[in-house]
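In order, the protein sequence lines correspond to chains H and B.
So for the first sequence, the numbering used here puts the first residue at 1; every next one is plus one.
So for the second sequence, the numbering used here puts the first residue at 441; every next one is plus one.
The hints are simulated quantities; they were obtained by calculation from the structure and are not laboratory data.
It is possible that some hints are incorrect.
With a straight-line Cα cutoff of 27 Å, these simulated DSS-like cross-link-like pairs (lysine-lysine) come out [unchecked claim]:
{"hint": "1", "chain 1": "B", "residue 1": "K701", "chain 2": "H", "residue 2": "K418"}
{"hint": "2", "chain 1": "H", "residue 1": "K435", "chain 2": "B", "residue 2": "K743"}
{"hint": "3", "chain 1": "B", "residue 1": "K487", "chain 2": "H", "residue 2": "K418"}
{"hint": "4", "chain 1": "B", "residue 1": "K701", "chain 2": "H", "residue 2": "K247"}
{"hint": "5", "chain 1": "B", "residue 1": "K508", "chain 2": "H", "residue 2": "K364"}
{"hint": "6", "chain 1": "H", "residue 1": "K295", "chain 2": "H", "residue 2": "K26"}
{"hint": "7", "chain 1": "B", "residue 1": "K743", "chain 2": "H", "residue 2": "K436"}
{"hint": "8", "chain 1": "H", "residue 1": "K50", "chain 2": "B", "residue 2": "K505"}
{"hint": "9", "chain 1": "H", "residue 1": "K399", "chain 2": "B", "residue 2": "K743"}
Fair warning: this is a prediction, and the values are worked out from it, not measured in the lab.
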Amino acid sequence: MGFLSFRGGVHPPHFKEATTRLKVEKAKEPAVVTIPLQQHIGAPCEPIVKVGDQVKVGQKIGETSAFVSTPVHSSVSGTVKQIARMLTPTGEAVCIVIESDGLNTVHENVIPKGDISNLSGKEILSIIKDAGIVGMGGAAFPTHVKLSPPPEKKIEEIVLNGAECEPYLTADHRLMLENPDDIIYGLKAMMKVLNVTKAYIGIEDNKPDAIESMKRAVEKESGIQVVGLHTKYPQGAEKQLIYACTKKEVPSGGLPMDVGVVVNNVGTAAAIANVIKTGMPLVERIATITGKGIKDPKNLLIKIGTPFKEIIEQCGGYNGNPGKVIMGGPMMGLAQYTDEIPAIKGTSGILVLSQEEARLPEPKPCIRCGKCVEICPAFIQPLYISAYALQNMHETAEKYNALDCIECGSCSFICPSKRPLLQSIRVSKREIIAKKRKTK
Amino acid sequence: MDNRLIVSSSPHLRADDSINRIMRDVVIALLPATLAGIYFFRMGAVKVILAAIIAAVVTEAVIQKVRKQPVTINDWSAVVTGLLLAFNIPATAPWWLPVIGSIFAIAIVKHTFGGLGHNFMNPALAARAMLLASWPVPMTNWVTPGADAVSTATPLALISGTEAAGQALPSMVDLLIGNVGGCIGETSAILLILGGVYLIFRGVITPRIPVIYISTVAVLTFVLGGGFSLQYMIYQVLAGGLMLGAFYMATDYASSPVTPKGQVIYALGCGILTSIIRLYGGYPEGVSYSILLMNVAAPLIDKYTSPRVFGEVK
Ligand code: SF4
Ligand code: SF4
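This is chain B alone, in the form it adopts within the complex (with noise of 0.2 Å):
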C-alpha cells in the first residue's frame, strides 16, 4: 500500500443530497407555473423574471467576491430567491422594480444577517413587501391574461368587492390553471400543487407545513367567511398566492422551524393569520405577510418546541 489512508470521523457514508440539488429541485419544481405566467402575462412575464434573475444572481456573486468569501452563486439559491421574487410581481412592472427588488432580497435580507441559511425572513416576501410598501401603484398593476390584456382586479379583490364591482367573477377552472388577474406565478394553482408535490416526493420539503396552512386557511374561511359557502372557500384557497406561498414560501428553510412540532404551529400561524387578514383586514391577500410575521416568529417557536428526548420522561 503506497499511498495514504484517508481517516476521519464516523460516518463514512453521505447522502448524495446536496444544496445545489435541493435549489435546483426548487427551480424544477417552479417551472410549470413559470411557463404558465409567461404564457398568460407574454413578454412581460419574460421581462421581469429575468430581470429578477440576474440582478439576484448578480448581487449575490458582487458581495460575496467584495467580501472575499466564496462565490456560491452556482448552488442556485440565489436563482430560486429571483424567480420567487419574480412570482410576486405584476407581468406589467417597469424591469427596475424587480432588480431593486433582488438586489434587496440579496443584499439586505440574506447577505446581512450572514448569508445562506441565516436570513430570518423569507427574502423573496421581504422584498415584496418592501416593493409594495415603496411602489405600491406599479406593484398591483395587474392585467387579465393574454395578448390583450386590459387593467383588472385579481379574484380575491373581486370577490371582496374591495375594487372593480361590478366585474365578473372568472370561473374557477379558470382560477385553477391560472387564466386570472395576478402576479406572474401565484396565479395556477393546478401548477404550483404539482411542483410542491414534486418537491415533496423529492423529500425536499415536508407535507407538514403546506397541507397545514392550506386546511386551516380552508376550514376558517368555511366557517367564518360569510355563511358555509364551499365556492367561497375554494376561492379562497385557490387564489392569491396561498399555494404559492403554502408551498414555496413558508417552507424556507432558514426562516421556517426545524421542530416538527414548531412547523405545525407555525403552518397554524400562517393559516390564521391569512385568514384574519383577509376576512377583517382591509386588504384582501395577505399571504406575504402572514408568512413574514410567522417568520418572526419562528426562532421563539423552535425554542419552545424542543422535541421531547427518546426516553425522557417530562
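Bound conformation, chain H alone (with noise of 0.2 Å):
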C-alpha cells in the first residue's frame, strides 16, 4: 500500500514507546472535581446549579443558548461546594467544583438513546449537542458546530482523525486498538447526520497494529475506507490531512467545508458512540500521561474536572523536580503554570519534561539555512514573517500571508538557530485579527 501524505513537515522523534504497548486503565476516583464552565473558544456556559446542590453522574450543570458552545455535565455524583473563577489549563474561567459522595450514582437522564438506524439525522445531531461533544483531539472544538455547514456547503466526505501525529500520545492509538467499533459507530452517526456516504480513517503508518485493527473494524462497511499514512508531523492537521486522503485543497483562508469535507477525531467518534448507545454524556476521556518527567506512564481514562497533581500521583508521580507540564502534545500542547488545574475535554494527555528538556534554548541569528520555508506545510515564509513580526511590521507580515499559518510549530522544531518563529507568527497573526475586527 502506498502511504499517502502532504508537502512539507518534519520528522520529530516518536517518544511514543513508553506507552503504545499499554492498555487504557480506568484513573482513581477523584474526591473532588472542578468542571469549568468554558472549555473551548467560544461562548461559556452560565451554571445552572447551586452551591449546596445535590448532582448526579451525567446530570447537565452548565449550559448555554449561544450556538458555538456546548453544555458541561457533572462527572461524579455529590455536592457542589464552590462556583468561582479558577485556574484552567486554558486560562482563567468560572468552574463548578462538586465533592464526590463516592457512589456515582447516574442521572436519570442518562438513558440509551435508541439506534442509529431509527434515529433521524436531527436527532442525532441533538444528542451529540446536548451531550457536550467536542473535538477530542485537543483544540476541543464544538461538534455540533462542526456537523452543521450552512446549506449551500454540500458535504461529501467525512474524513477522520486517527493519525496522531503528536509525538508522546497514544490516546487515539489505544483507542483504535481496544475500541474500534465504537469509532465505526460514531463515524456511521455522522455520515448520516451529514447525509454522506463516504468516509475516510486516516492512520499513520507507524501504528501499523492500529490500522489492521480499523481495516477489520470496516470489513463489512460500505463507503468507509482506512488509509494508512506517512508518518511526518504534522500529518493530522486538518487540511493536510484532507489533503492527504483527498487530494482536495481547502482554499486559503477557507474551511474543510469549502471542499465538501468534515474532519473528526477518532475520539469524538467514540464519544459519540457512547453517548447514543448509552446515553452518558462526555465526562471522561482517554488521556496520555507521559514525558520524562512522570515516573510510571500510563493511558488513563480520566474523568473531567480531575486535578492533574492527582492523575499525576496515580502515575508514579514526578520523576525529580519537572520542567514543564504540557496539556496535548509538545507541538501543540499548552505549558502551565501549575499541576492544580484540572483535567477537560480537551485533554488528550498530561506531558512532563525534565528540567533539562524544558531549558528554553538561547536564540541565534537566522543563518537564513530555508529550512523553515523548506518545510512549512501552509507553504509559507516563516523567517519573513517573523522578521516583519518582531518588527512590528505585521502588515508586512500579513502580505507574506501570515494568517495562513496553522500553528503547527513546525518551524521553530526545525530552526539551526532556534528562532521562537511561532511565537512571533502568533503575535503578528492576533495584531492582523484584531485589526480587521475593528476596521469591520
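Each of the two chains sits in its own frame; use the hints to bring them together as a complex.
What follows is the structure, encoded as C-alpha cells:
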C-alpha cells in the first residue's frame, strides 16, 4: 500500500514507546472535581446548579444558548461546593467544584438513545449537542457546529483523524486498538447527520496495528476506507489530512467544508457512540500521561475535572523536579503554570518534561538556511513573517500570508538557530486579526 | 512541587540541529579534500590553510570584542570561511595573501552587513575576487602537484589553449582525484563530491543547487562547447572548481535564495553564467564570478518566487 501524505512537514522523534503497549486503565475516582464552564473557544456556559445542590453523574450543570458552545455535565455524584473563577488549562474560567460522594449515582436522564438506524440525522445532532461533545484531538471545538454546515455547502465526505501525529501521545492509538467498533459506530452516526456515504479514516503508518484493527472493523462497512498515512508531522492537521486522504486543497483562508469535507477525531466518534449507546454525555476521556518527568507513564481514562496533580500521582508522581507540565503534545500543547488545574475535555495528554528538556534554547541570528521555508506545510515563509513580526511590521507580515499559518510549530522545531518563529508569528496573527475586527 | 515550571509558547520540542552542528559538518565534509590538497601541494598548502583559518577566527573575535557583541568563534562559521578561502588560493601564495583575504572576508563582507546570515555575498568568494584583482600574479601561480613542483597551468587553461600551449593535458583520472595544477581545494573532484554527498545526507544542503548547477554546465558545454565532445564536457565539469563552487560556495545560506523555486532559478543562473564565461569569455574558470553575480541577484529572486500558499488560488 502506498502511504499518502502532504508536502512539507518534519520528523520529530516519536517518543511513543513508553505507552503504546499499555492498555487504557480506569483512573482512580477523584474525591473532588473542578469543572470549567468554558473549555474551548466560543461562549462560556452559565451554571444551572447552586452551591449546596446534589448532582449525579451525567447531570447537566452548565449550559448556554449560544450556538458555538456546548453544555457541561458532572462527572461524579455529590455536592456542589463552590462556583468561582479559577485557573484552568486554557486560562481563567468560572468553574463548578463538586465533592464526590463516591457512589457515582447515575442521573435519570442518562438512558440509551436507541439505534442510529431508528434515529434521524436531526435527532442525532441534538443528542451530540446535548451531550457536550467536542473535538477530542485537543482544540475541543464543539462537534455539533462542525456537523451543521450552512445549507449551501454540500458535504461529500468525512475524514476521521486517527493520525495522532503529536509525539508522545498514544490515547487515540489505544482507542483504535481497544474500541474500534465504537469509532465506526460514531462515524456512521456522523455520516447520517451529514447525509454522506463516503468516509476516510487516516492513520499514520507508525501504528500498523491500529491500521489493522480499524481495517478489520470496517470490513463489512461500505463507503468507509482506512488509509495509511506517511508518518510525518503535522499529518493530523486538518488541511494536511484532507489533502493526504482526498487530494483536495482547502482554499487559503477557507474551511474544510469549502471542499465538501468535515474532519473529526477518532476520539470524538467514540464519544458519540457512547452517548447514543448508553446516554452518558462527555464526562470522561482517555489521556496519555507521559514524558521523562513522569515515573510511570500510562494511558488513563480520566474524569473531566480531576486535578492534574492527582492524575500525575497515580502515574508514580514526578521523576525528579519537573521542568514543564504540558497539556497535549509537545508540538502544539499548552505549557501550564501549575499542576493544580483540572483535566478538561481537550486534555488528550499530560506531558511532563524534565528540567533539562524544558530549558529554553537561546535564539541565535537567522542564518537563512531556508529549512523553515522548506518544511512549512502551509507553504509560507516563516523567517520573513517572524522578522517582520519582531519589527512590529504586521502589515508586511500579512502580505507574507501570516494568517495562513496553522500554528503547527514545525518551523520553530526545525530552525537550527532556535528562533522562536511560531511565537512571533502568533503575535502578528493576533495583531492582524484585531485590526481586521476594528475596521469591520 | 517546589520549583517553578517553565511556561513558553509551543512547540516544546526542538530538533537537535544547531549552527555549530551545521558548520562542523561543513568542515568535516571539506576534510578529505583538505587532506588531498595537503598531500598534493605539501607545506605550501598547510601554510595557506592555517593562515586563512587563523586570520578568519582572530578577525571575527576581534571585531565582536570591539563591538561588544558576544564572541561566536566557537560556532565554526569563521573556520568554514577561512577554509573555503584557502581552497581558492594556490599553494604557492605567500602567507600574507590568505591573511588579507580572511580579514577582508570576515571584517568587510561578513560583519559590515550585520554578521552571520546577513552577508549578501559569499565571503570567501568575494575575498578571492578581491585578491585576484589586487594580486593577480601570486593568485595564479599554479604548480604541478608533488614535491618537485614545477610551474604549470590549470586544466581548463590548457584545454582552452589560453596558456602553456603544448603542455600535455592531464588524464581524466588525475583530474578526478585532483592530481592537477590549481588552487588547493578545487582540484580533487571526487573528494569534493564525497563531502557534498555527506552534506546532503546530513540535511545541511539539499541536492537542488549543486545538481542543477553542475548539470546546467554539463549540458551547455556539451552542446555549445565544440561539437558535442563528451571528453570536453567531462573536463568542464570536473575541473576549475565547479565541484567546490556548486557544493560549498553556491549553497552558502546567507547569499542564496531560501525558496525552493528561487534556488532552482539561482542554480540555473550560476550554470549558465559559468558556461558563458568559460566558453565565450577570456577567462577559463568562471565559477566564482558566476556565483558572486547570482549572490547579488538572490534577494530579487527570492522576492519573485514566493511559494504558492497552501490552498491559494492564483
Ligand atoms: S530555519 Fe531558522 S535559521 Fe533557517 S532560515 Fe528559517 S529562521 Fe532562518
Ligand atoms: S509558519 Fe505556521 S504553518 Fe508554517 S511551519 Fe511555522 S507554525 Fe507551521
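Which of the numbered hints are not met once you compare them with the structure shown? Per hint list: 3 and 8 violated.
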